[in-house]
Amino acid sequence: MLLVGQTSSFGTHSLQSVGFFDDYSPNQRIASVSSRDRANDAVLRVLFVCTGNTCRSPMAETIFRQLVAEKLSCRDWELRERRIDVFSAGIAAGESDPAAREAIVVMQECGLDLSQHLSQQVNEHMLENSTVVLALTERHRRVLCEARPDLADRVKLLSHGGEDISDPIGGSLEEYRRCAAQISDNLRIWVDELFRKES
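Start counting the sequence shown at 4; every next residue gets the next number (our numbering).
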């Protein structure tokens, strides 16, 4: 049974110990519970995880929210009223960094607003209280599973074909568009699976 606000130790399976942060500052590690975490009152709680939470995962969060709203014939801001929570975080994210400019532009081209996004680092509370965690790459998925093997069954790769969603950071707008299109194509499948109508 998962408890709201529950925290536990990673012990020997910390996110730092499994090797993901070899390329990052040794001070970066899984975050403590953030004040922005919400109570676990949602029926469906979907978490998207990438590295910095400024490009891929916030785009995935925004696109998924819109696709679900379309599926349910409601506005995206009404999802919380329907007890559906969608959010994103990064394994090596800074705190409250804005989304990448290119990500904001590409989302604007899709009629979506990413301008208010602020990055956050993934924490145990998020993992414990998510229905499904969608990792943008196999490495992200593996690190989360190794850190919390007891939650491995809810951590999935976003891509249905098994390929990674490559990081567009530092790339052109066209690279961001391709990234967003790849994310969107896979999320449409996830929405159909998660909201499959009973026959």
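Hints in this document: simulated from the structure, not taken from any laboratory. Be careful, since some hints might not be right.
Unchecked claim - Label-pair restraints from in silico Cβ distances:
no.	residue 1	residue 2	range
1	Pro152	Glu112	38 to 46 Å
2	Val108	Arg191	19 to 27 Å
3	Arg104	Thr134	17 to 25 Å
4	Asp153	Phe198	35 to 43 Å
5	Ala155	Glu196	12 to 20 Å
6	Gln119	Glu84	26 to 34 Å
7	Leu154	Glu196	29 to 37 Å
8	Glu177	Glu141	23 to 31 Å
9	Cys77	Pro152	31 to 39 Å
Cβ atoms here follow ideal geometry from the backbone N, Cα and C, with glycine treated the same way.
Arg104 versus Thr134 beta-carbon gap, inside 17 to 25 Å or not: For Thr134 against Arg104, whose Cβ atoms are near 32 Å apart, the range 17 to 25 Å is violated.
Verify the CB-CB distance for Leu154 and Glu196 against the hinted window 29 to 37 Å. About 19 Å separates the Cβ atoms of Leu154 and Glu196, which means 29 to 37 Å is violated.
Given the hint of 35 to 43 Å, check if Asp153 and Phe198 actually sit that far apart at their C-beta atoms. Hint violated: Cβ distance 27 Å, outside 35 to 43 Å.
Is the hinted range of 23 to 31 Å satisfied by the C-beta distance from Glu177 to Glu141? holds (25 Å)
Cβ separation of Ala155 and Glu196, checked against the hinted range 12 to 20 Å: holds (19 Å)
Are Gln119 and Glu84 spaced within 26 to 34 Å by their CB atoms? violated (20 Å)
Is 38 to 46 Å a correct range for the gap between the Cβ atoms of Pro152 and Glu112? holds (40 Å)
Does 31 to 39 Å hold as the CB distance between Cys77 and Pro152, or does it fail? Between Cys77 and Pro152, where Cβ atoms are some 36 Å apart, the hint holds.
Verdict for Val108, Arg191 (Cβ pair) under range 19 to 27 Å: holds (22 Å)
Going down the numbered hints, you'll see the structure goes against 3, 4, 6, 7, while the others check out.
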